[in-house]
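Protein chains: 2
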Amino acid sequence: MANAIPTREENYSEWYNELIKRADLAENSAVRGCMVIKPYGYSIWEKMQRALDDMFKETGHTNAYFPLFIPKSYLSKEASHVEGFAKECAVVTHYRLKNDPNGGGVVVDPEAKLEEELIVRPTSETVIWSTYKNWIQSYRDLPLLINQWANVVRWEMRTRLFLRTAEFLWQEGHTAHATADEAMAETRQMLEIYARFAEEWMAMPVVKGYKTANERFAGADETLCIEAMMQDGKALQAGTSHFLGQNFAKAFDVKFQSKNGGLEYVWGTSWGMSTRMMGALVMAHSDDAGLVLPPKLAPTQVVIVPIYRSEEQLAAITEKAKEISAGLKKAGISVKFDDSDANKPGWKFAEYELRGVPVRLAMGARDLENGTVEVARRDTKTKETVSLEGIVAYIEGLLEDIQHNIYQKALALREANTHYVDTWEQFTEQIEKGGFLLAHWDGTSETEDKIKELSKATIRCIPYNAPQEEGKCILTGKPSSQRVLFARAY
Amino acid sequence: MANAIPTREENYSEWYNELIKRADLAENSAVRGCMVIKPYGYSIWEKMQRALDDMFKETGHTNAYFPLFIPKSYLSKEASHVEGFAKECAVVTHYRLKNDPNGGGVVVDPEAKLEEELIVRPTSETVIWSTYKNWIQSYRDLPLLINQWANVVRWEMRTRLFLRTAEFLWQEGHTAHATADEAMAETRQMLEIYARFAEEWMAMPVVKGYKTANERFAGADETLCIEAMMQDGKALQAGTSHFLGQNFAKAFDVKFQSKNGGLEYVWGTSWGMSTRMMGALVMAHSDDAGLVLPPKLAPTQVVIVPIYRSEEQLAAITEKAKEISAGLKKAGISVKFDDSDANKPGWKFAEYELRGVPVRLAMGARDLENGTVEVARRDTKTKETVSLEGIVAYIEGLLEDIQHNIYQKALALREANTHYVDTWEQFTEQIEKGGFLLAHWDGTSETEDKIKELSKATIRCIPYNAPQEEGKCILTGKPSSQRVLFARAY
Chain A
1 MANAIPTREE NYSEWYNELI KRADLAENSA VRGCMVIKPY GYSIWEKMQR
51 ALDDMFKETG HTNAYFPLFI PKSYLSKEAS HVEGFAKECA VVTHYRLKND
101 PNGGGVVVDP EAKLEEELIV RPTSETVIWS TYKNWIQSYR DLPLLINQWA
151 NVVRWEMRTR LFLRTAEFLW QEGHTAHATA DEAMAETRQM LEIYARFAEE
201 WMAMPVVKGY KTANERFAGA DETLCIEAMM QDGKALQAGT SHFLGQNFAK
251 AFDVKFQSKN GGLEYVWGTS WGMSTRMMGA LVMAHSDDAG LVLPPKLAPT
301 QVVIVPIYRS EEQLAAITEK AKEISAGLKK AGISVKFDDS DANKPGWKFA
351 EYELRGVPVR LAMGARDLEN GTVEVARRDT KTKETVSLEG IVAYIEGLLE
401 DIQHNIYQKA LALREANTHY VDTWEQFTEQ IEKGGFLLAH WDGTSETEDK
451 IKELSKATIR CIPYNAPQEE GKCILTGKPS SQRVLFARAY
Chain B
1 MANAIPTREE NYSEWYNELI KRADLAENSA VRGCMVIKPY GYSIWEKMQR
51 ALDDMFKETG HTNAYFPLFI PKSYLSKEAS HVEGFAKECA VVTHYRLKND
101 PNGGGVVVDP EAKLEEELIV RPTSETVIWS TYKNWIQSYR DLPLLINQWA
151 NVVRWEMRTR LFLRTAEFLW QEGHTAHATA DEAMAETRQM LEIYARFAEE
201 WMAMPVVKGY KTANERFAGA DETLCIEAMM QDGKALQAGT SHFLGQNFAK
251 AFDVKFQSKN GGLEYVWGTS WGMSTRMMGA LVMAHSDDAG LVLPPKLAPT
301 QVVIVPIYRS EEQLAAITEK AKEISAGLKK AGISVKFDDS DANKPGWKFA
351 EYELRGVPVR LAMGARDLEN GTVEVARRDT KTKETVSLEG IVAYIEGLLE
401 DIQHNIYQKA LALREANTHY VDTWEQFTEQ IEKGGFLLAH WDGTSETEDK
451 IKELSKATIR CIPYNAPQEE GKCILTGKPS SQRVLFARAY
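Which chain is which? The protein sequence lines are A and B, in order. Just so we're aligned: 348 in this note's numbering is position 348 of the first sequence, and the numbers increase by one with no gaps anywhere. Just so we're aligned: 252 in this note's numbering is position 252 of the second sequence, and the numbers increase by one with no gaps anywhere.
There's no promise every hint is true.
Remember, identical chains collapse to one label, so a pair may be satisfied in a single copy or spanning two.
SDA-like cross-link-like pairs, simulated, lysine to any residue; straight-line CA separation at most 20 Å [what the hints assert, rightly or not]:
(1) Lys-87 to Val-107
(2) Lys-234 to Lys-409
(3) Lys-329 to Arg-360
(4) Lys-409 to Glu-46
(5) Lys-336 to Leu-145
It should be emphasised that the hints constitute simulated quantities derived from the structure, not laboratory data.
Chain A extracted, bound-state conformation:
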């Protein structure tokens, strides 16, 4: 095998990079900051997509598709929006190449210059609200509940596979409503869906909360988010849901005739989750031997490896393995029987550990005689010998148990690394050790900026469930009525 992957303790950052590469999830492309999502990585993303898409549809949303390109002037229509995105966007200026008259290959044809430059979408609020203007006339056209699966581009200077890439894949929901209350209810509902997806599918506990004004989406009146803790104690924003107020409706003049005949601006929301979640999945659960995938998102849930010394043994094991496979498949479990003779069992064990297959069955001649199989679980790395009788039900239960155990482990990590701090000294000391800090803050952007400057920690959110309590801002000592969640973040 090639060089070992650094352990998390040795170098968490390198461990992550190497793991993404070795487990065949993704790699950097020749284009700065753009990644190639490899087949194994993409098959996990497809499972994420399917789960989210089903939840969106169950709540009445439909998919649609809007253009990749946004006219430059559209981006400018919402003031804080352009401020937020103008500095990191890919700009299309020409629509043709031609042969270099001086023989230097192909060059941009200066005569094919666009009258107005086009921006490769960094997010689609502007192009979508310019379209909604024609779709919405009356309250009967509302609510409009649309989602889009798409690629977007933000020209990040420092990129990292999955976590921060110039191009990424995501879904972006864009809804329009007749009242502020309804739009706010939608904003909350979608955050609940993200939280459910993170916890039930990704086995990743999250804190739900409100972003501060500083951290809000450019163009939103309110941003809700879920924040997860990675194994190094840093926070990762895992999904956001924005209450847009009437900002985009005003920017694009989207009005509707209300039930009582008045003409009013429409209320909007938008919400998104991206391939960044692939990075979160790795950082939340994986270990020094490789990926640890929650069974619900694992492309292969069970792998069966035969251990044999002769062709006859292999034939007998194969027959039994196919029987087990058929039973598992019937129960909706994805299973792979790896009888390739190119590699030894030990190599295969390491390989499937690296790829995070939740359950490994190994079957040898002795097992065949005894009617047993060796069952190894990836999360705890424990093994036991189990009777083949009732093996399907056993594995069904085991997969549920693994899903649950991974979640509990991540939850325990978060709880052990969440601290209440009350003084600046405690804060600065604790932040160096990582984790979530619950602390009082005076509510001003200035203080927030100052804390960030001094400690590199940001306010991840004002948690939903933060109890009201009197306190003093850790930096300024000014009065505060609740604790907010600080952390260093990805």
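Starting from the known structure of chain A, fit chain B onto it as the hints suggest.
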């Protein structure tokens, strides 16, 4: 209702444009040539995607994702490829906007110019083969069977919703093989899958064949295609599968160690099907009243409309309708019960006809008494009163029958409009009436170009099943050994 849609006879082209708009499939966006795929249109596309994706996976392909951007120099590496795509590509030259120092809003920041321009992918052979170079070392790494679902951009000058748009959605398969035979077998297999999809799902008969050298994909040694006839007698290319030989392997230096230890260039294929199929679906089957969707691709297969005079009647009908709905859903049939009181039954009938819902059930008080329901089929526009006993099985059979009937109707149209012509006079006379012409051709590109210039007809393909027969080229009189398929085309 708004102005009627022109009939096909009045103006086929306008009929198509209006239908796409009225049936809520798609519309033009503010960006030249880029369309918005509306929720109803997108839900049909999702059904197409699912069907194709399942077929790809059944044949051992996996999905992956490659970057949107291609360095300009990559495009140039395969000579005929750059020739084919350079004249119609969107070019990214800058990565930042800034505030206009003269107060003119945001402008492109001249300091953020890319060292090398990026092309928005018109197709991904170059970026994918540059990646395959690192993935392929030995025969053990082959075959590599990968597909990608993505958006692509070709800067077309004359665009048309679905049929020809600057941005479109598609899938592109890119495979790598150890031998020419294996790559050619893959090329053929994928064409078979496209043909099966067109015929079994879209209910659209197709002619399978080879493209002439003139019409080949830029960079391919051989292009296979399926060609369908639209209702106006014009041809539409519905899917292509390319044998790339070793062209891209040589351009990107992709070699592998063969079983006997030699170092050889890899053989490649690529194949694609796009949202153009949405246009084909409409043009192949729809009528003057609206869409006619094959049941297998219809987002809603059955709609139930209550006919009532009182709230009590509505309540009784609703109860029965829910019972029927539940039965249909259990059988895997998608059904909608439209009890909205905003519109009258007649309006609803017209609306669901426009949207191509294959089966409409209307239920009134009399039906309730008699235990019957009125069943209307969209394809033939016939109605009959059917007993509720066994209604689910009846509708299952009816949907199959409609799927079959739509296919047969399209096949009959094609057969009635396919002609054997043997002289230039016959050819020029017949081509004005439309349809497919089977005629002899001398096999040269010059003659092909000349025929195109004189008649606007192109060789759609050299059909798989063209019998060998002696004949004379319709234009030059030179000898020919088989007929080829001519038509005017979309």
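Status of the hints after comparison with the structure:
| no. | hint | verdict |
| --- | --- | --- |
| 1 | Lys-87 to Val-107 | between (26 Å within a copy, 11 Å between copies) |
| 2 | Lys-234 to Lys-409 | within (16 Å within a copy, 63 Å between copies) |
| 3 | Lys-329 to Arg-360 | within (15 Å within a copy, 37 Å between copies) |
| 4 | Lys-409 to Glu-46 | neither (25 Å within a copy, 37 Å between copies) |
| 5 | Lys-336 to Leu-145 | between (39 Å within a copy, 18 Å between copies) |
Comparing the model with each numbered hint stated earlier shows that hint 4 is the single one that does not hold.
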